[in-house]
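Turn these sequences into a full structure, and let the hints guide you.
Protein chains: 2
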Amino acid sequence: MKVIQSIEEMKKEMRRHRHERESIGFVPTMGYLHEGHLSLVREAVKRTDCTVVSVYVNPTQFGPNEDFEQYPRDLDKDAEILDEEGVDYLFTPKDSDMYPNEYRTYVEVQDLQDVMCGASRPGHFRGVCTVVMKLFHIVGPDRAYFGQKDAQQAVILKKMVEDLNMDIAISVLPIVREKDGVALSSRNSLLKKEERSAARCLFRSLQLAMEAVRGGKRESSEVVNLIRNEIGKEKSAKIDYIEIVNKNTLESMMEIKQGRTLIALAVYIGKVRLIDNMIV
Amino acid sequence: MKVIQSIEEMKKEMRRHRHERESIGFVPTMGYLHEGHLSLVREAVKRTDCTVVSVYVNPTQFGPNEDFEQYPRDLDKDAEILDEEGVDYLFTPKDSDMYPNEYRTYVEVQDLQDVMCGASRPGHFRGVCTVVMKLFHIVGPDRAYFGQKDAQQAVILKKMVEDLNMDIAISVLPIVREKDGVALSSRNSLLKKEERSAARCLFRSLQLAMEAVRGGKRESSEVVNLIRNEIGKEKSAKIDYIEIVNKNTLESMMEIKQGRTLIALAVYIGKVRLIDNMIV
Numbered sequence: 001m002k003v004i005q006s007i008e009e010m011k012k013e014m015r016r017h018r019h020e021r022e023s024i025g026f027v028p029t030m031g032y033l034h035e036g037h038l039s040l041v042r043e044a045v046k047r048t049d050c051t052v053v054s055v056y057v058n059p060t061q062f063g064p065n066e067d068f069e070q071y072p073r074d075l076d077k078d079a080e081i082l083d084e085e086g087v088d089y090l091f092t093p094k095d096s097d098m099y100p101n102e103y104r105t106y107v108e109v110q111d112l113q114d115v116m117c118g119a120s121r122p123g124h125f126r127g128v129c130t131v132v133m134k135l136f137h138i139v140g141p142d143r144a145y146f147g148q149k150d151a152q153q154a155v156i157l158k159k160m161v162e163d164l165n166m167d168i169a170i171s172v173l174p175i176v177r178e179k180d181g182v183a184l185s186s187r188n189s190l191l192k193k194e195e196r197s198a199a200r201c202l203f204r205s206l207q208l209a210m211e212a213v214r215g216g217k218r219e220s221s222e223v224v225n226l227i228r229n230e231i232g233k234e235k236s237a238k239i240d241y242i243e244i245v246n247k248n249t250l251e252s253m254m255e256i257k258q259g260r261t262l263i264a265l266a267v268y269i270g271k272v273r274l275i276d277n278m279i280v
Numbered sequence: 001m002k003v004i005q006s007i008e009e010m011k012k013e014m015r016r017h018r019h020e021r022e023s024i025g026f027v028p029t030m031g032y033l034h035e036g037h038l039s040l041v042r043e044a045v046k047r048t049d050c051t052v053v054s055v056y057v058n059p060t061q062f063g064p065n066e067d068f069e070q071y072p073r074d075l076d077k078d079a080e081i082l083d084e085e086g087v088d089y090l091f092t093p094k095d096s097d098m099y100p101n102e103y104r105t106y107v108e109v110q111d112l113q114d115v116m117c118g119a120s121r122p123g124h125f126r127g128v129c130t131v132v133m134k135l136f137h138i139v140g141p142d143r144a145y146f147g148q149k150d151a152q153q154a155v156i157l158k159k160m161v162e163d164l165n166m167d168i169a170i171s172v173l174p175i176v177r178e179k180d181g182v183a184l185s186s187r188n189s190l191l192k193k194e195e196r197s198a199a200r201c202l203f204r205s206l207q208l209a210m211e212a213v214r215g216g217k218r219e220s221s222e223v224v225n226l227i228r229n230e231i232g233k234e235k236s237a238k239i240d241y242i243e244i245v246n247k248n249t250l251e252s253m254m255e256i257k258q259g260r261t262l263i264a265l266a267v268y269i270g271k272v273r274l275i276d277n278m279i280v
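So the sequences go chain by chain: A and B. Letter by letter, the first sequence follows residues 1 to 280 of the working numbering. Letter by letter, the second sequence follows residues 1 to 280 of the working numbering.
It is worth saying that the hints were derived from the structure and are not from the lab. Among the clues, some could well be false.
Note: identical chains are not told apart, hence a pair may lie in one copy or across any two.
Said to hold, decoys possible - Listed below are the simulated DSBU-like cross-link pairs for lysine-lysine, each with C-alpha atoms no more than 35 Å apart in a straight line:
1. Lys12 to Lys247
2. Lys158 to Lys2
3. Lys158 to Lys12
Every value quoted in this text rests on a predicted model; they were computed, and no experiment measured them.
Have a look at this one:
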């Protein structure tokens, strides 16, 4: 596996692979890799000739009071893992190359960026769209892989690619969970022991919601109440949002329509903000 | 010359040329072609294997009270001219394909978009950046050609390409003028006969400014006054802005520095807004 920091070198390598008509699979990450990331990496390795993973904690998607500094990092370990998985390139650009002082250009997907996580994290998805657009231009992949855990991100990036006429297929792969149901997230490492246990309330409440829907409940407000009550049992948990939306347009749904509805939540466990979701 | 309306067909053709490793030159226009456009087209034909010209009056770069409806159009004549110039592809996408109802994604270059024409036309450069980004993704050129008449547009698009790490070289070619000095513009066709004569005041005032600078004047405010007085002599002329700025950053310059300063103006002649500029 080649580890590349320079944007120009990365572009040059990718041009070579494109000229040889190899398919390029790309997994953009913020590193501190877990099995969720690795499910994407394995799919890319299996499906494309040349697999590129980027590890870059993107400053423009963090708000001024968010956890950019605290976000967990371990590049050496990430490199070791990716090498074992058969990845061809690890791209680790520098902040000063990605966003030089005179940097000015931003990409945004209106409306979709303003709800759910976008409402709690203004500017977050603009940062995500901008960095992904940059990485897409640098790597030039045929296919890029994202996790369903960041459901809103996946919807927004698909929309961006479609609207801006990019020839990149987007694969969104299922959430990978711990045995106790907690969705894998690099931020889980920031949880204290008791908090890690409390974090189970996200999945537990989603399961309750799912059961209620299976049992015939369709009224979104009732399902939201179920979730709210379940999370309320954990005293370290503070709800950021519980949303029941169309899984493609992210528009609020008063009534759940099976196969088309996304139940998404963001919950603070202590100071750590976790997200989880389920398509019902 | 192939005339293509479908985005997917255009992409398919361009993929073929890229696979054959031909260089692609691209001239995006809003049509109603004049010698200014043709200077770009001829350069592209001369310098690249495959030349693509788009004719698309982009609705997102016009404000609600601007001249989108009145903007002159003559696609048949444009096609005839481009065919004679040896252009390979004329791309004429439809509004409903470029901006379907659920369209949401925009690209913007902050700060640079807020001054000069951007101050008078809020949202204009966001529309320009967005459509050019879309066209760049559809055509995938190695080199794109723009006119110096739209000086701010050229600065912004260069910045966009650099910031978003696109592999597209941008050529900016000199303003082409009528014998009497008026910069060629599709909007000149909207001028009444007396207005066409009044329109000479833009170039005349720029020439006066240039002479003053050659004569040693460096104080921007004095040069602005010279221009203001000259344009004031035309009673159908109404100044939108006169700016003396750094030619790369568009930052105001109190003092003119030779080779680095752009004098740019926008003037209404009757209802038609004309722009012109000079690097001194």
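Between copies, within a copy, both or neither: which fits Lys158 and Lys2 at Cα up to 35 Å?
both (28 Å within a copy, 31 Å between copies)
Intra/inter-copy verdict for Lys158 and Lys12 if alpha-carbon distance must be at most 35 Å:
Classified as both; 26 Å inside a copy, 21 Å across copies.
Status of Lys247 relative to Lys12 across identical chains (alpha carbons, at most 35 Å)
between (38 Å within a copy, 31 Å between copies)
The structure meets every hint from the earlier list without exception.
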